[in-house]
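Heads up: the protein sequence lines correspond to chains A and B, in order.
Residue numbering for the first sequence is 1 to 214, as defined by UniProt numbering.
Residue numbering for the second sequence is 1 to 214, as defined by UniProt numbering.
Each hint can be trusted.
Chain copies aren't distinguished; within one or between two, either way the pair holds.
Here are the computed lysine to aspartate or glutamate pairs in the DMTMM-like style, where the Cα-Cα straight-line distance is at most 25 Å: (1) K53 x E117; (2) K41 x D14; (3) K41 x D87; (4) K41 x D192.
The set of hints was computed from the structure by calculation and includes no laboratory data.
There are 2 protein chains.
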Amino acid sequence: MNIPMRTYLVTQGDRSRGRGTGSIVRAAIEGGVDIVQMREKHTSARERYELGKELRALTREADIPFVVNDRVDIAAAVDADGVHLGDDDLPVSVARDHLGEEAIIGRSVSTPEAASEAERAGADYLGVGAVFATDTKDVNEGEAEIGTETIAEIAETVDIPIVGIGGINADNATEVVNAGAAGVAVVTTITDADDPAAATQQLRQAVENGRTTV
Amino acid sequence: MNIPMRTYLVTQGDRSRGRGTGSIVRAAIEGGVDIVQMREKHTSARERYELGKELRALTREADIPFVVNDRVDIAAAVDADGVHLGDDDLPVSVARDHLGEEAIIGRSVSTPEAASEAERAGADYLGVGAVFATDTKDVNEGEAEIGTETIAEIAETVDIPIVGIGGINADNATEVVNAGAAGVAVVTTITDADDPAAATQQLRQAVENGRTTV
Ligand code: NI
Chain A
1 MNIPMRTYLV TQGDRSRGRG TGSIVRAAIE GGVDIVQMRE KHTSARERYE
51 LGKELRALTR EADIPFVVND RVDIAAAVDA DGVHLGDDDL PVSVARDHLG
101 EEAIIGRSVS TPEAASEAER AGADYLGVGA VFATDTKDVN EGEAEIGTET
151 IAEIAETVDI PIVGIGGINA DNATEVVNAG AAGVAVVTTI TDADDPAAAT
201 QQLRQAVENG RTTV
Chain B
1 MNIPMRTYLV TQGDRSRGRG TGSIVRAAIE GGVDIVQMRE KHTSARERYE
51 LGKELRALTR EADIPFVVND RVDIAAAVDA DGVHLGDDDL PVSVARDHLG
101 EEAIIGRSVS TPEAASEAER AGADYLGVGA VFATDTKDVN EGEAEIGTET
151 IAEIAETVDI PIVGIGGINA DNATEVVNAG AAGVAVVTTI TDADDPAAAT
201 QQLRQAVENG RTTV
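Bound conformation, chain A alone (with noise of 0.2 Å):
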């Protein structure tokens, strides 16, 4: 499977300056996302599902893939590509059985252990961080701060791409990508910036400036 994932959107309503998510989504696309996840951690899942089939219109309309975290039930309600998976949600195995074959899975780890066996039990990417320490929640916070080094190791190990997140922005993502990432997922460097649109192609030119590896 190939996904295309140089700049991986993370949605936080709660982080977006009052912009409803749709608009930061709409202008995302406008300045070349590649991929957009609903995260939402703090709405109830009838919002999410609502903002859900808002989002599906919208990638569908700018044919991008989008996923659901945590969710299995919402992706598959508001035919989402797929979900991300962290540690608390569902194994990656059940989503797998629940969505198909065709399903994009995500699966966040942070230690080259976790991510063989993400891969092992059948994710098609992994998100890998904290890569940089962050005080934007881009990550849960408390979490280590494993540098690019373990990106690079991570790299190493597995054969499905995987993508940085936590303190990622334009000025730091050429290193991620040169680790071996396949791309870089954000939260706020684009949901809290003055212009998201500009900041999605600043973000995908720092990128596209590093080896990238899709």
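Guided by the hints, dock chain B with the ligand onto chain A, whose structure is given.
Just chain B with the ligand, lined up with the frame of chain A:
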């Protein structure tokens, strides 16, 4: 669909005095519980998936229905009989599409209007509350006490069975059933009891003392 629900247990591990939810469910089955819902609001999806498999095995052995709160995907993954949904969860119609005609789909409501709407949407039964004021977290904090009058009103309004929830115990369960409920749903009356099996049996007796509609 004839769903047995004179005594309906809603699990809550952190209101079970440190006893595992599996052991509470075993005791409730021993005491004659009719149906079990796994709620467990404060645990991760992964934990609910693991617990759900355990509760599914126990309820299957006892040949009683097992439903999962909120998460349609976890319900499907553990082969539960259905789901119980509230205002914040996926719509009944989405759960029905996902789980199929045979699934048991319950819906929480507190007004006759919401009850009618849920029935039209295809709910198989309704959880109605909070019947009595409660400090036991059977229902959401701050939820209004609706009393047995509303139970009677809703029982008049819909053709699907309803269970009362909120502050119900062996002392007042008969009154709830006499108002028109098919049964009573409880959390702590069983989970926090000295003897959960005996508590279930007493609750069951109180329901049978009333005019059951099942
Ligand atoms: Ni399904």
